[in-house]
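Those protein sequence lines, which keep their order, are chains A and B.
Residues in the first sequence are numbered consecutively from 1, following our numbering.
Residues in the second sequence are numbered consecutively from 124, following our numbering.
Worth flagging that the hints you see were computed from the coordinates, not collected in a lab.
Every residue gets a Cβ at the ideal spot worked out from N, C-alpha and C, and that includes glycine.
Errors might be hidden in some of the hints.
Covered stretches of chain A (chain B as the covering partner; in silico rule of three or more C-beta atoms under 8 Å from a C-beta of chain B) [unchecked claim]:
1) 27 to 37
2) 48 to 59
3) 74 to 87
4) 113 to 123
What follows is the residue order along each chain.
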Amino acid sequence: MRYITPRKRAEGRGAAHSGTEHHWSMTVSAVGLAFLVPVWLYILGSTLGQPREVVLETFARPFPAILTALVLVVGMRHFAMGATGMIEDYARGTSRKMLIIFAISLSWVVAATGLFALARIAL
Amino acid sequence: MADAKRAAPIERPLSPHLQIYRWQVPMLTSILTRITGHALVAGVVLAVWWLLAAATSDAYFATANAVATSWFGDLVFTGSLWAVWYHYLAGLRHLYYDAGRGLDIPTAEKLGWACIIGSVVLTVITILLVQ
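Only chain A is shown next, with the shape it has when bound in the complex:
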């Protein structure tokens, strides 16, 4: 018989202490993307394959520009956190850290590149 609670046994044994926050963050971005993505797919799908003038004209309009910016920022944050979760499941040690840093950096690079392109088109 061990006079110790399961919580006491688990404490200090390596939990990241950020699971709830991570889960809630993914929930919030998922709900946001559920509204953003279908409309964005329609706009992007209709614009793909069009001449450059049409592409520039489309993404210079406020709604497609703001929507694309939101999809990029919220989507790439959602991706970075999901990728972090996956890497934590399958990798350990230094390779885990390097992969997580790479995933987060890639997400920011993609988002920043998209935002730069949007700014250049819209302004």
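For this one, chain A is given, so just place chain B on it according to the hints.
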């Protein structure tokens, strides 16, 4: 734990144990969520590159547009379209599960099939809509 032997670390398999379990619909649809979510970065990178090229110059756009509308671009974007719809439906299912619903096996299997069939249907509808 006082009785634990700390000398040799136990080589435990990392989760989830894909190689061990027999494949079932809820399991397949669960891992597909993760696979589609990560594969989607390919479609996003191609779309962002295409948008950057459009913002830059005629010559750059000609190159990026040629790639984006080639068989390769079609493959990436059609695959990404299915992936995003699959991930979308599986994400909604996740929210439903999080609410503590649909966790019994028959319902979970039905929801799994709904994700698979629904994603294909939505992909076809989207392609027809943007034609």
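Do the hints match the structure? See the list:
no. : hint       : result
1   : 27 to 37   : holds (count 6)
2   : 48 to 59   : holds (count 6)
3   : 74 to 87   : holds (count 6)
4   : 113 to 123 : holds (count 7)
Consistency with the previously given hints is maintained throughout, with no hint failing.
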